[in-house]
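Trainee: Build out the structure end to end from the sequences listed, making use of the hints.
Residue numbers (my numbering), protein chains in the order written: chain A, 1 to 112; chain B, 1001 to 1114.
Worth flagging that the hints you see were computed from the coordinates, not collected in a lab.
Keep in mind that the hints are not guaranteed to be accurate.
In silico SDA-like pairs for lysine to any residue, Cα to Cα no more than 20 Å straight-line [claimed, not checked]:
(1) A:Lys52 / B:Gly1102
(2) B:Lys1078 / B:Gly1102
(3) A:Lys60 / A:Gly43
(4) B:Lys1078 / B:Val1012
(5) B:Lys1057 / A:Arg96
(6) B:Lys1057 / A:Ser83
(7) A:Lys60 / A:Ser85
(8) A:Lys104 / A:Glu8
(9) A:Lys60 / B:Gly1102
(10) B:Lys1057 / A:Asp98
(11) A:Lys104 / B:Ser1107
(12) B:Lys1057 / A:Asn2
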Amino acid sequence: GNSVTQMEGPVTLSEEAFLTINCTYTATGYPSLFWYVQYPGEGLQLLLKATKADDKGSNKGFEATYRKETTSFHLEKGSVQVSDSAVYFCALRPPRGDKIIFGKGTRLHILP
Amino acid sequence: GAGVSQSPRYKVAKRGQDVALRCDPISGHVSLFWYQQALGQGPEFLTYFQNEAQLDKSGLPSDRFFAERPEGSVSTLKIQRTQQEDSAVYLCASSSDRTNYGYTFGSGTRLTVV
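Mentor: The structure is reproduced here in structure tokens:
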């Protein structure tokens, strides 16, 4: 079946550090891949997406590359800020599917 | 509207009580989804509507859960005879058509069953 596995948190970093949150997936064919972010007290927001192999999604300094060979979609940011503190969810949408399947989420704490 | 609106924002129910959660999607959005998010977990799919048709209800955990979208716009998720394990945040999302790759989520309804 379709599933998403992401690194467990919490992840704690100092401001300006480099961030990687690992995400791997299991799916048939070529799913669409997403990262969503949930700030404290708010709903889920789409951060970035990629719809085919080797696509790179990017937004707000975050990037993730769709790697079919390793079935991965790792989230990276070169220099994190305190305001990036949130829970990050990796997700996939199967080809010809409607529902999005989420990972369990990774809580990120950025220290000033 | 400008976003997906859910009400109430918080709901406390006594065990055994029935509850109704409302979702007002973005105007014109064809697809509507309900998810359940337990504390510290990712959202789990409950059900999906395309206009007024409920195309997938495979995620509803029991027959106590019922969802409707009678006019293809506002949707209601009803939970009968609530139990403590129903405590969670219930998220609604909408998207403009079946080919849209991402959804817009509402802020959710936090249900606490005591």
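Trainee: Compare the structure with each hint and give your call.
Mentor: Results for each hint:
With a CA separation close to 14 Å, the supplied pair Lys52 (chain A) and Gly1102 (chain B) stays within the 20 Å bound. A threshold of 20 Å between alpha carbons decides the hint, and for Lys1078 (chain B) with Gly1102 (chain B) the separation of about 25 Å lies outside it, so the pair is violated. With a CA separation close to 18 Å, the supplied pair Lys60 (chain A) and Gly43 (chain A) stays within the 20 Å bound. About 14 Å separates the Cα atoms of Lys1078 (chain B) and Val1012 (chain B), which keeps this hinted pair within 20 Å; it holds.
Proximity of Lys1057 (chain B) to Arg96 (chain A) is assessed by CA-CA distance (about 17 Å); at most 20 Å being required, the pair is judged to hold. As the CA atoms of Lys1057 (chain B) and Ser83 (chain A) are separated by approximately 37 Å, the hinted pair breaks the 20 Å bound. A threshold of 20 Å between alpha carbons decides the hint, and for Lys60 (chain A) with Ser85 (chain A) the separation of about 13 Å falls inside it, so the pair holds. Of the supplied pair hints, the one linking Lys104 (chain A) and Glu8 (chain A) holds, its CA atoms being roughly 8 Å apart against a limit of 20 Å.
Between the alpha carbons of Lys60 (chain A) and Gly1102 (chain B) the distance comes to roughly 17 Å, so the proposed pair stays at or under 20 Å and holds. Among the hinted pairs, Lys1057 (chain B) with Asp98 (chain A) is consistent with the structure: their alpha-carbon atoms are about 12 Å apart, no more than 20 Å. Annotation: proposed proximity of Lys104 (chain A) to Ser1107 (chain B) holds, straight-line Cα distance about 18 Å (limit 20 Å). Straight-line distance between C-alpha atoms of Lys1057 (chain B) and Asn2 (chain A) comes to about 17 Å, which keeps the hinted pair within the 20 Å bound.
Hints 2 and 6, counting from the list given before, are not met by this structure.
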